[in-house]
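Peer 1: The lines below spell out each chain.
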Amino acid sequence: SQQGEEDPQALSIQEGENATMNCSYKTSINNLQWYRQNSGRGLVHLILIRSNEREKHSGRLRVTLDTSKKSSSLLITASRAADTASYFCATDADNYGQNFVFGPGTRLSVLP
Amino acid sequence: DTAVSQTPKYLVTQMGNDKSIKCEQNLGHDTMYWYKQDSKKFLKIMFSYNNKELIINETVPNRFSPKSPDKAHLNLHINSLELGDSAVYFCASSQDGRWGNEQFFGPGTRLTVL
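In the order they appear, the protein sequences are chains L and R. With this note's numbering, the residue at position 36 of the first sequence is 36, and numbering never jumps. With this note's numbering, the residue at position 80 of the second sequence is 80, and numbering never jumps.
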């Protein structure tokens with residue numbers, strides 16, 4: 001099974017609303033990263049949160065990490081049509097930081 | 001300026017052929033990666049390469065082999081292509097191999113095996 005699994009699989013909201021996506025993982029991690037993928041493009045790094053951090057902000061993005069529940073959430077506030085993309089969480093699969101595992105992603109559609 | 005580039009963008013070929021996908025990064029990064037994204041959008045790491053050290057995902061068939069002529073390039077060679085190899089392949093790089101460094105992804109190569 002996937003180390004990181006996002007939920008929901010798909011999310012459709014109106015422009016201006018907030019979007020929340022969740023990621024669950026199974027083993028201990030050092031860090032967790034969130035990436036965005038626009039259709040037909042490569043992934044773009046959004047934010048990294050370390051295992052000793054609980055919350056991190058970057059612009060309209062807010063990421064939380066609960067290591068006791070092995071879960072993270074990505075909140076996008078005041079969504080825009082340009083936020084339409086797939087969002088992935090990535091966790092490390094070993095201690096060397098060279099074997100990353102991505103979840104299946106959440107497809108976010110922001111309707112104008 | 002393109003940070004991580006891949007060629008070709010699209011590759012259509014017959015089963016049994018041998019093909020290569022090229023990847024170049026101009027970021028001065030030490031570590032490069034290859035990922036496979038299947039039709040369900042699952043992204044799986046295939047290889048990571050850092051300072052001549054290759055780490056292979058054990059699930060990757062040995063028909064796949066990465067070749068690094070220099071630090072800025074990590075090409076992917078695929079022998080005896082099979083239908084199941086059809087996917088989008090992404091190259092990525094990071095400053096070094098330690099966890100905590102963001103990865104920069106190329107635009108992807110869509111491989112279709114007929």
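FYI, nobody ran anything at the bench for these hints, they're computed from the structure. No residue lacks a Cβ here, since even glycine has one placed at the ideal position from N, Cα and C. Some hints could be false.
[To be verified] Label pairs and their calculated CB-CB ranges:
(1) R:A3 - L:K69: 33 to 39 Å
(2) L:Q9 - R:R110: 18 to 24 Å
(3) R:S80 - L:H57: 46 to 52 Å
(4) R:E82 - L:N18: 25 to 31 Å
(5) L:R80 - R:S68: 26 to 32 Å
Peer 1: Now tell me, hint by hint, if it's right for this structure.
Peer 2: Each hint, compared with the structure:
| no. | hint | result |
| --- | --- | --- |
| 1 | R:A3 - L:K69: 33 to 39 Å | holds, 35 Å |
| 2 | L:Q9 - R:R110: 18 to 24 Å | holds, 22 Å |
| 3 | R:S80 - L:H57: 46 to 52 Å | holds, 49 Å |
| 4 | R:E82 - L:N18: 25 to 31 Å | violated, 44 Å |
| 5 | L:R80 - R:S68: 26 to 32 Å | violated, 40 Å |
Taken one by one, the earlier hints fail for this structure at numbers 4 and 5, listed in ascending order.
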